[in-house]
Amino acid sequence: MTEKSSKRYRVLVGKPGLDGHDRGAKFIARALRDDGFEVVYTGIRRTPEEIAAAAVQEDVSAIGLSSLSGGHVRLFPAVVEALKKFHAEDIPVIGGGVIPDEDVVALKKAGIIEIFRPGTPLKKILAAFHQACESYHHKAFR
Amino acid sequence: MSKHSSFAKWQENELRKSISRFPERKNFTNHGGDEIPRLAVPAEIDDAYLENLGFPGQYPFTRGVQPTMYRGRLWTMRQYAGFSTAAESNRRYRYLLDQGNTGLSIAFDLPTQIGYDSDDPMSRGEVGKVGVAIDSLADIEVLFDRIPLERVSTSMTINSPAIVLLAMYVVAAEKQGVSAEQLKGTIQNDILKEYVARGTYIFPPQPSLRLITNTFQWCSRNMPVFNTISISGYHIREAGSTAVQEVAFTLANGITYVQAAIDAGLELDVFARRLAFFFNCSSDFLEEIAKFRAARRLWARIMKERFGTGKPASQMMRFHTQTAGNTLAAQQIDNNIVRVTVQALAAVLGGTQSLHTNSKDEALSLPTEESVRTALRTQQIIAHESGVANTVDPLAGSYYIEQLTDRIEQQASELIKKIEDAGGVVACIEEGFIQRQIENSAYEFQLEIERGERVIVGVNQFQVEEKSRTPVLRVDPAVEQEQVKRLAQLRKNRDNISVGHALENLERAARSDENLMEPVLDCVRKYATIGETCNVLRQVFGVYKERK
Numbered sequence: 213m214t215e216k217s218s219k220r221y222r223v224l225v226g227k228p229g230l231d232g233h234d235r236g237a238k239f240i241a242r243a244l245r246d247d248g249f250e251v252v253y254t255g256i257r258r259t260p261e262e263i264a265a266a267a268v269q270e271d272v273s274a275i276g277l278s279s280l281s282g283g284h285v286r287l288f289p290a291v292v293e294a295l296k297k298f299h300a301e302d303i304p305v306i307g308g309g310v311i312p313d314e315d316v317v318a319l320k321k322a323g324i325i326e327i328f329r330p331g332t333p334l335k336k337i338l339a340a341f342h343q344a345c346e347s348y349h350h351k352a353f354r
Numbered sequence: 233m234s235k236h237s238s239f240a241k242w243q244e245n246e247l248r249k250s251i252s253r254f255p256e257r258k259n260f261t262n263h264g265g266d267e268i269p270r271l272a273v274p275a276e277i278d279d280a281y282l283e284n285l286g287f288p289g290q291y292p293f294t295r296g297v298q299p300t301m302y303r304g305r306l307w308t309m310r311q312y313a314g315f316s317t318a319a320e321s322n323r324r325y326r327y328l329l330d331q332g333n334t335g336l337s338i339a340f341d342l343p344t345q346i347g348y349d350s351d352d353p354m355s356r357g358e359v360g361k362v363g364v365a366i367d368s369l370a371d372i373e374v375l376f377d378r379i380p381l382e383r384v385s386t387s388m389t390i391n392s393p394a395i396v397l398l399a400m401y402v403v404a405a406e407k408q409g410v411s412a413e414q415l416k417g418t419i420q421n422d423i424l425k426e427y428v429a430r431g432t433y434i435f436p437p438q439p440s441l442r443l444i445t446n447t448f449q450w451c452s453r454n455m456p457v458f459n460t461i462s463i464s465g466y467h468i469r470e471a472g473s474t475a476v477q478e479v480a481f482t483l484a485n486g487i488t489y490v491q492a493a494i495d496a497g498l499e500l501d502v503f504a505r506r507l508a509f510f511f512n513c514s515s516d517f518l519e520e521i522a523k524f525r526a527a528r529r530l531w532a533r534i535m536k537e538r539f540g541t542g543k544p545a546s547q548m549m550r551f552h553t554q555t556a557g558n559t560l561a562a563q564q565i566d567n568n569i570v571r572v573t574v575q576a577l578a579a580v581l582g583g584t585q586s587l588h589t590n591s592k593d594e595a596l597s598l599p600t601e602e603s604v605r606t607a608l609r610t611q612q613i614i615a616h617e618s619g620v621a622n623t624v625d626p627l628a629g630s631y632y633i634e635q636l637t638d639r640i641e642q643q644a645s646e647l648i649k650k651i652e653d654a655g656g657v658v659a660c661i662e663e664g665f666i667q668r669q670i671e672n673s674a675y676e677f678q679l680e681i682e683r684g685e686r687v688i689v690g691v692n693q694f695q696v697e698e699k700s701r702t703p704v705l706r707v708d709p710a711v712e713q714e715q716v717k718r719l720a721q722l723r724k725n726r727d728n729i730s731v732g733h734a735l736e737n738l739e740r741a742a743r744s745d746e747n748l749m750e751p752v753l754d755c756v757r758k759y760a761t762i763g764e765t766c767n768v769l770r771q772v773f774g775v776y777k778e779r780k
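Sequences listed follow chains A and B, in order.
Residues 213 to 354 in the numbering used here are what the first sequence spells out, letter by letter.
Residues 233 to 780 in the numbering used here are what the second sequence spells out, letter by letter.
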């Protein structure tokens, strides 16, 4: 879908909290795969700590989080905090779901680099993952 | 018997009986004063008509489950609601009842749905978010305070721990002086779709099926007018299935529950009349109307031909409908009111028994009070102004609708057979067959939108720049601390020794093949929490792990 598919980045798609709405997360995971990414999908009902641990263990270059339950306010920043505990706060985190406008600023302040809401075109989301992975690699291998 | 006399016979029997029990609402005339016919029928009533359509309230129920449908009684307008604390939700319920809602539909938060207390580490960030937080009977007492449970019917969206919430409801009613046998309503109690679409499972399939048949059995003795399950296609469709898959997977689940109950020694015609269904209504107007008619006919045929019941009450599929949440757009949200109107109209033309209409702001957050009111008004306009409630199954006989009804029934029936050939629903869930089917449909559909082959107004065409922010309903994060504090108080003040005894007794019963409803009722009365009760069952039954 995008032109920069040649490099095979590994990313993690995670569902923090108890929300079982995984249609969006599964769609994004599969679309990333079809776009050339290697994708680790956590499945539903993961704690922020489990997601951070899996991201480190799998050595991913970016994390995508999905929540449709309103739990994002607490759970997305909690993933960023958990990454710090593993000294892995460099891994960029992208979020998506049913998220009101007014939460976007707070989430970005907490270190989530992008928030995507319903109706966002897929190519915009894929481009964000490419960019996140690239900038992570720039930093990591500078 | 001549063909024509079948109509006369229906009028003399089913229709007359129905009208004498439930008189029609009013005289039905149009603006010009012309009488609106109750039921239009073909000039020639032949065998094919009788076999495939029949008359409403008569096998195979294609034209509806009641002879007079909405002329006798309108559908129940039942808005799903609940958030924050029990006190806050109670206030919203009383508001909805004031506004003309005719039944309650309780949304529980995710910790409650998955059997965690509000102070469990797993509950962090989710308490009171998508529904009301319930930890014990104390919360349920507050939730139904000043709501007359002998009159209001209550639907509860609860699955894995349904037996616990049902017990809480029974005891709360008891304390209001209302006996279990008076209680009207529904528990969702449909675990199978949780494994493939909704995600709030706790235990593995087999012990979960036991909990379900235990509630069937207890309710058939103690709650004769309560619906013991709502077999749900709604979430399967939300997860991305097609209309045919929605019908097929839902009815396959239904077959599994009926078989499990028969295997547990329950009598078919006692429990089958209390089975209810729950469908989605999406935007493809004509297909959705046909879907409801096809589902009704297919279920009637399954009950008659496969399970051998001749009782109409056991054959008829009664269902609730909700408009499709996944079709709501976050862009130009007023357009969602129109989407919901089209979907709600299809549900009514399809013959639904109750209806929830979504609110325009639900792609952003929980709905505000104002947007919920508009959603309810949408139903009231359809009911009182559109005229579609004045005649029964008005689209019957349309070449297209009848062809589509036949096609959906046939395709769903083939898919059910495929599931059975592969060992049945539980085997297909364990193997991942059903999940894969849904995922593939969801993926294809979304790619069609991405490629612009499917137009979503305001999303991939007809976009505008939107500047103003929409006011949304927010759940105060302090709700979690408040609820945790309330729970700590409860644990301090109750009689913990008798709680311990009740839980031990539940564990003993769970290890035997006893019906668990009485032991659960005992736990509830002692104010054991939902987490404590479910943890006992987790120890005995184990937990289900998602297939990857």
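Don't take every hint at face value.
Cross-link-like lysine-lysine pairs, in silico, DSBU-like; alpha carbons within 35 Å at most [claimed, not checked]:
(1) Lys296(A) / Lys649(B)
(2) Lys320(A) / Lys717(B)
(3) Lys717(B) / Lys336(A)
(4) Lys258(B) / Lys321(A)
(5) Lys777(B) / Lys335(A)
(6) Lys320(A) / Lys699(B)
(7) Lys321(A) / Lys335(A)
(8) Lys699(B) / Lys336(A)
(9) Lys699(B) / Lys335(A)
(10) Lys320(A) / Lys777(B)
(11) Lys351(A) / Lys717(B)
(12) Lys699(B) / Lys297(A)
Source of the hints: derived by calculation from the structure; they are not laboratory data.
Verification of the supplied hints:
The hinted pair formed by lysine 296(A) and lysine 649(B) fails the criterion: a straight-line CA distance of about 52 Å is larger than 35 Å. For the given pair, lysine 320(A) sits about 31 Å from lysine 717(B) by alpha-carbon distance, which is consistent with the 35 Å threshold. Only pairs whose Cα atoms come within 35 Å are accepted, and lysine 717(B) paired with lysine 336(A) is rejected, the gap being roughly 44 Å. Taken as a hint, the lysine 258(B) and lysine 321(A) pair is broken in the structure, with Cα atoms around 60 Å apart against an allowance of 35 Å.
A distance of roughly 33 Å separates the Cα atoms of lysine 777(B) and lysine 335(A); the hinted pair therefore holds under the 35 Å criterion. The hinted pair formed by lysine 320(A) and lysine 699(B) meets the criterion: a straight-line CA distance of about 19 Å does not exceed 35 Å. Pair hint lysine 321(A) plus lysine 335(A) holds up; C-alpha atoms about 25 Å apart against a cutoff of 35 Å. Straight-line distance between C-alpha atoms of lysine 699(B) and lysine 336(A) comes to about 20 Å, which keeps the hinted pair within the 35 Å bound.
Taking the CA atoms of lysine 699(B) and lysine 335(A), the gap is about 23 Å. The hint holds against a cut of 35 Å. Taken as a hint, the lysine 320(A) and lysine 777(B) pair is honoured in the structure, with Cα atoms around 33 Å apart against an allowance of 35 Å. Distance check on the hinted pair: lysine 351(A) and lysine 717(B) sit about 45 Å apart at the alpha-carbon level, beyond 35 Å; violated. For the proposed pair lysine 699(B) and lysine 297(A), the alpha carbon gap of about 39 Å is over 35 Å, so the pair is violated.
Of the numbered hints listed earlier, those contradicted by the structure are 1, 3, 4, 11 and 12.
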